[in-house]
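Q: The chain contents come next:
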Amino acid sequence: MGDTEERLRDLLVRGLAGDGAAYHAFLRELGAHLRAFVRKRLARHPDDVEDIVQESLLAVHNQRHTYDAGQPLTPWLHAIARYKLVDQLRRNGEAPLGSDALDEAADLLQASDDRAAEARRDIARLLEALPERQRLPIVHMKLEGRSVLETARLTGMSESAVKVGVHRGLKALAAKLRQGP
Amino acid sequence: MKTDELVRMLATGALAPASGASYRYGLAMGWGAFAATLLMALTLGVRPDLAEAMREPMFWTKLGWAAALTAASLLAVLRLSRPGARLARVPLAIAAIVAAMWLLGGLALARAARSDWPALFYGETWRTCPFLIAALAAPVLVAALWAMKGLAPTRLRLAGAACGLLAGTAGATVYALHCPELGAPFLGVWYLLGMLIPAALGALAGPRVLRW
Chain D
1 MGDTEERLRD LLVRGLAGDG AAYHAFLREL GAHLRAFVRK RLARHPDDVE
51 DIVQESLLAV HNQRHTYDAG QPLTPWLHAI ARYKLVDQLR RNGEAPLGSD
101 ALDEAADLLQ ASDDRAAEAR RDIARLLEAL PERQRLPIVH MKLEGRSVLE
151 TARLTGMSES AVKVGVHRGL KALAAKLRQG P
Chain H
1001 MKTDELVRML ATGALAPASG ASYRYGLAMG WGAFAATLLM ALTLGVRPDL
1051 AEAMREPMFW TKLGWAAALT AASLLAVLRL SRPGARLARV PLAIAAIVAA
1101 MWLLGGLALA RAARSDWPAL FYGETWRTCP FLIAALAAPV LVAALWAMKG
1151 LAPTRLRLAG AACGLLAGTA GATVYALHCP ELGAPFLGVW YLLGMLIPAA
1201 LGALAGPRVL RW
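Residue numbers (the working numbering), protein chains in the order written: chain D, 1 to 181; chain H, 1001 to 1212.
Chain H extracted, bound-state conformation (with noise of 0.2 Å):
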């Protein structure tokens, strides 16, 4: 076919074009949430003294922490799902983020004993706490690339590792309402680890999964 006539072709009865990324993203994050939302509840549960913990600003400064990193990588998906768009200034706003749980976990352990830093940063459930995190971004994950395939990444593997990162700032959110652990240096570290584990294997996936 001459490409004359390819262009004859694609302008011809050319319908209105598929439903963008935003309504995409929209879907996927719904339907991923929901599902990440749905294996805490049934599998871990809902810590039993969430009502208590609700008292407490660590929780809320955790929960916000997470939802923080959700946003940003939400907005470096999106600007990868584009063609052409920058990523200007959000891997900084990402990474500022997280230096900020760190602050506060070098103030919370300047400010403990130093008998008590064990305690502080390893917490009772280190051993598992990424691994479940890993575990509930694991349906974030898998309709964040399905969003993502449907529009224009050109950089694979950054477009795969950011939607890992999604997937694992999502899923962290949704472990803060099971996860008994309220220091800020265990944050910074194991709750960071959950996140990127996703991100690794978001990474590794992006650019056999996202060619188009």
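Just chain D, same shape as in the assembly (with noise of 0.2 Å):
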């Protein structure tokens, strides 16, 4: 684990910064442990492996500031992509995993897996669902490439509102995606 933490932590605290080459291999490193995790874990509904990856990529990335660099990055990791778990366990109805098969937070890391199923819920339609002040920022900035000034030329909204549409947007597709199919 010791390796994969170094580097992982590396790409994040380079990625904060404002490298986007490097939080995109952090992201993308990271799904494929997060769904070695959750399979691991949900055996009995591998329908729900990927929507759970999804989410708890959004989840890291919109909870992004509360890590703090001078701490591991493992079991901050761990706790995102538990509470993630164990809160679809309890949409389901099912009575959350045992402690010990949930609380070794080096688990996390030690194994990868790179076949990405079909989500169930898809984040693109939610995306479209969301109000426009939310979602053409995120469809300029984030889908398009485009900058916070273009994003604001072309919608006519101020570069603040831009800025708070991407926030408060990618919050609201976390609350989406938490809602269910």
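Some hints here could point you the wrong way.
[As the list claims (entries may be wrong)] Simulated crosslink set (DMTMM-like; lysine to aspartate or glutamate; CA at most 25 Å straight-line):
1) H/1002 <-> D/19
2) H/1002 <-> D/132
3) D/171 <-> D/159
4) H/1002 <-> D/122
5) D/176 <-> D/122
6) D/40 <-> D/6
7) D/176 <-> H/1005
8) D/40 <-> D/114
9) H/1002 <-> D/29
10) H/1002 <-> D/87
11) D/176 <-> D/47
12) H/1002 <-> D/113
13) D/163 <-> H/1005
14) H/1002 <-> D/144
15) D/40 <-> D/104
16) H/1149 <-> D/68
Since the hints were made in silico from the structure, they are not lab data. Since the structure is predicted, the reported quantities are computational estimates derived from the model, not experimental observations.
From these two lone chains plus the hints, build me the complex, please.
A: Following this line, the structure appears as structure tokens:
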């Protein structure tokens, strides 16, 4: 785990400082770890795996300001993945897994799985249901890769409204994902 | 949307992360304490003999005790806002501060004549004290839950309770400027009860309010 922790932490710290390529690599590698972690613990609901992977990735992104760069990364990632997994189990009306099945933070980075399945809840469709002031900034900035300034010109919104729209829109997407299919 | 596309979307044009815990709680505690103090000054009033009371060591003990509990609760709240952070010895510290007042209370009772015990224990305001503390805590509770909501608590009931305890202890600190009571047995029971009311409310609200 040590090496993976080091590498991911380095990628995340660089990503938070504005290195988009490092952040992309961080999320991609994290996705594979999350998939292996969730798949092993959700053997009875293989259809839910990709949804929880996506939900956890979105959560890691939305909550990235709660990572303290002075602290180890694995417990932070594990606590987020565990929270999303337990939340899903509760929604399925199941008793939460026993604590020993989930409590080893180090497990998270031990396995990795690149075989992405199809998610049942489509984030692209949920995105369409967002109000314009959130949807447009996300479409222009995060799907088309435009800058804040360009997005502001295209939409007639102020630059700060564009940033707020992205931020709130991604939180709203997370809330919609949580409400289930 | 495939997971690869989601990852690309999240990584593209990522903005600077939102403000962290210290900023949010700084704001929450600033406004919360301001509102609680204003509420106290306008509805209850600062005790008229404050200058005199400030010469009593027990006045400072009371204020310092409530402030120490506020600081320890803030530490708990900060840790519970961050996924994977451990509370470690914070609950023990909170318990030790409470126990210190109980010890003072026990000593005060041991030194007093039996006939004075009811006065030391009930004071003159035991009926209202816990509720007034809880009322002053209300704005702090709202502010603390707002701050916590923008972070990432994973144990929602405990996180809500900690927000409530923070509010209750801050409310008690403010209330101490109004309250005429200085008996340690009184403080260890009725002040504590006043702090625990918002903590219980926070525990009830946590799982609903703090989800993310």
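Q: Holds or violated: residue 163 of chain D with residue 1005 of chain H, Cα cutoff 25 Å?
A: holds, 21 Å
Q: Is residue 1002 of chain H within 25 Å of residue 144 of chain D, Cα to Cα?
A: Given that 25 Å is the threshold and the Cα spacing comes to 16 Å, the pair holds.
Q: Against the 25 Å threshold, does the CA-CA distance of residue 1002 of chain H and residue 122 of chain D hold or violate the hint?
A: holds, 8 Å
Q: Quick one, are residue 176 of chain D and residue 122 of chain D close enough, alpha carbons at most 25 Å?
A: holds, 11 Å
Q: Quick one, are residue 40 of chain D and residue 6 of chain D close enough, alpha carbons at most 25 Å?
A: Holds, at roughly 24 Å.
Q: Given the hinted pair residue 171 of chain D and residue 159 of chain D, is their alpha-carbon gap at most 25 Å?
A: Holds. Residue 171 of chain D to residue 159 of chain D sits at ~19 Å (cutoff 25 Å).
Q: Does residue 132 of chain D lie within 25 Å of residue 1002 of chain H when you go C-alpha to C-alpha?
A: holds, 23 Å
Q: Would you check the hint for residue 1002 of chain H and residue 87 of chain D, treating anything up to 25 Å between C-alpha atoms as holding?
A: Distance ~22 Å between residue 1002 of chain H and residue 87 of chain D Cα, so the pair holds.
Q: Take the C-alpha atoms of residue 1002 of chain H and residue 29 of chain D, compute the straight-line distance between them, and say whether it is at most 25 Å.
A: holds, 15 Å
Q: What's the verdict on residue 176 of chain D and residue 47 of chain D, does the C-alpha distance respect the 25 Å limit or exceed it?
A: holds, 18 Å
Q: Holds or violated: are the alpha carbons of residue 1149 of chain H and residue 68 of chain D at most 25 Å from each other?
A: Distance of about 17 Å is within 25 Å: holds.
Q: Tell me if the straight-line CA distance from residue 1002 of chain H to residue 19 of chain D falls inside 25 Å.
A: holds, 23 Å
The structure shown violates none of the earlier numbered hints.
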